[in-house]
Amino acid sequence: MAMRYETPATTKEAATLMAKAKGSAFLLAGGTDLLVRMKSGMIEPDLVVDIKHIAATQSIKKSASGFRIGAAVPAAAMGEHPALKKAWPGVVEAANLIGSDQIQSRCTIVGNLCNASPAADSVPALIAAGAKAAIVGPKGRRTVPVEKIVTGPGTMSLKKGEVIEAITLPKRPPKSGDAFLRFIPRTEMDIAVVSAGVSLTLDNKRVVKKARVALGAVAPTVVLVPAAARAIVGSKLTDDVLEKLAAACSAACSPIDDKRGTVEFRTEVAGVLARRAAKIAYQRAGGG
Amino acid sequence: MSAVLVTTTINGDRTEFVCETDETLLDALRNRLGLTGSKEGCGTGDCGACSVTVDGRLVCSCLVLGVEAEGCEVNTIEGMADGDVLHPLQAKFIEHAALQCGICTPGFLMAAKVLLDKNPNPSEVEIRFALAGNLCRCTGYDKIVRAVKAAAKEVRKR
Chain R
1 MAMRYETPAT TKEAATLMAK AKGSAFLLAG GTDLLVRMKS GMIEPDLVVD
51 IKHIAATQSI KKSASGFRIG AAVPAAAMGE HPALKKAWPG VVEAANLIGS
101 DQIQSRCTIV GNLCNASPAA DSVPALIAAG AKAAIVGPKG RRTVPVEKIV
151 TGPGTMSLKK GEVIEAITLP KRPPKSGDAF LRFIPRTEMD IAVVSAGVSL
201 TLDNKRVVKK ARVALGAVAP TVVLVPAAAR AIVGSKLTDD VLEKLAAACS
251 AACSPIDDKR GTVEFRTEVA GVLARRAAKI AYQRAGGG
Chain W
1001 MSAVLVTTTI NGDRTEFVCE TDETLLDALR NRLGLTGSKE GCGTGDCGAC
1051 SVTVDGRLVC SCLVLGVEAE GCEVNTIEGM ADGDVLHPLQ AKFIEHAALQ
1101 CGICTPGFLM AAKVLLDKNP NPSEVEIRFA LAGNLCRCTG YDKIVRAVKA
1151 AAKEVRKR
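The listed protein sequences correspond, in order, to chains R and W.
So for the first sequence, the working numbering puts the first residue at 1; every next one is plus one.
So for the second sequence, the working numbering puts the first residue at 1001; every next one is plus one.
It cannot be assumed that every hint is accurate.
As the list claims (entries may be wrong) - Taking CB as the label site, the calculated pair distances span:
#	chain 1	residue 1	chain 2	residue 2	range
1	R	P226	W	A1091	54 to 64 Å
2	R	A83	W	S1002	36 to 46 Å
3	W	T1036	R	P173	50 to 60 Å
4	R	T155	W	E1124	40 to 50 Å
Don't read these hints as lab results, they were simulated from the structure.
Bear in mind that the values here come from a model prediction, so they are computed numbers and not experimental data.
C-beta atoms are modelled at their ideal positions from N, C-alpha and C, and glycine is treated no differently.
Using the sequences and the accompanying hints, generate a full structural model.
Here is the structure:
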């Protein structure tokens, strides 16, 4: 059977195509995961719906409520957006860590999310940022926090026909900062062994008012760690507080044990990275 | 049949080709258009031997469908030289012996050109990061980095 290739002009049309599809149907944005899976024979799509011709997926928009990053925006374009970089440096750094320049030209944060890997680079930063997925489906629109999308390795809570149109990032209060760190055994082009994203907002006395901490590659999905956030709220990130943050992060880990990293290593490094990321976020928020 | 007619601009020329819906841009370039400069190394976006630009962005053509190129501007290694005059990158790759078997070379040249178009005075670190998506199993990279540096100097003189 020949593969059907469609280029709808609206997200609603894309959702309808996906909802009505018989056989295996996949959405295509950058294709850097999808084509690898197609070529390896892991999947044989009957239908591929290319969302790059949909206006709502193509741009990064700044508004009073924050940023909206279209599902077809390549990660490289995020790095070329000064206002986005200024407001969410951790999110942009995380997105820009995915693959090479060649991959950056194509890969998207929505694709990174929907590949549903626990080691996805941009996802801990998005979850720490409080990002939401704007979804269009056969029954209309809904908005879901990013941490509710992936349910396990390779599985998602999206229903048949639902298409993520964009990722939204909330409006940034003053004195806010975020950061993302990833451990890989080399400097570039590798899959995260552990990663950590932290987003903070401080009060006028440089005390952490709000925090979100997320960890990657240490559990079946990227995990939001409220206990780690609680450990630092109300503090100025002194060493004893950072120890508690690290301990909360390590406690949230249930990693796999493989050649890339042992359980002990991933558990320990999760705390270390979260601590370092928190310090960077604090500095960026003006905490000094 | 699922063959689709695709209209693109390749190296400045309006070009039409017919390809299957699941055929990669790399296969279309090589097998339909005879543009065999772009190579398939890994076929999974790791090695960069198939690097071309699509609408100005460097991509692995093995990870792009031919049908996705509809209406796009594609540049390949075949468009790099100006007639018989080599691009400074090509000339410096030869001068510095920055290749041995040559399979990776078109991809390195395309990636290096995108870098120099953006930044004609890159540091060694910037060159190495920009070429991180291209693998070479012959040269050990050092000669490639030197050739790019030398080419950058030429480009700046222009």
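| Honestly, which of those hints from before does the structure not fit? | No numbers; nothing is violated.
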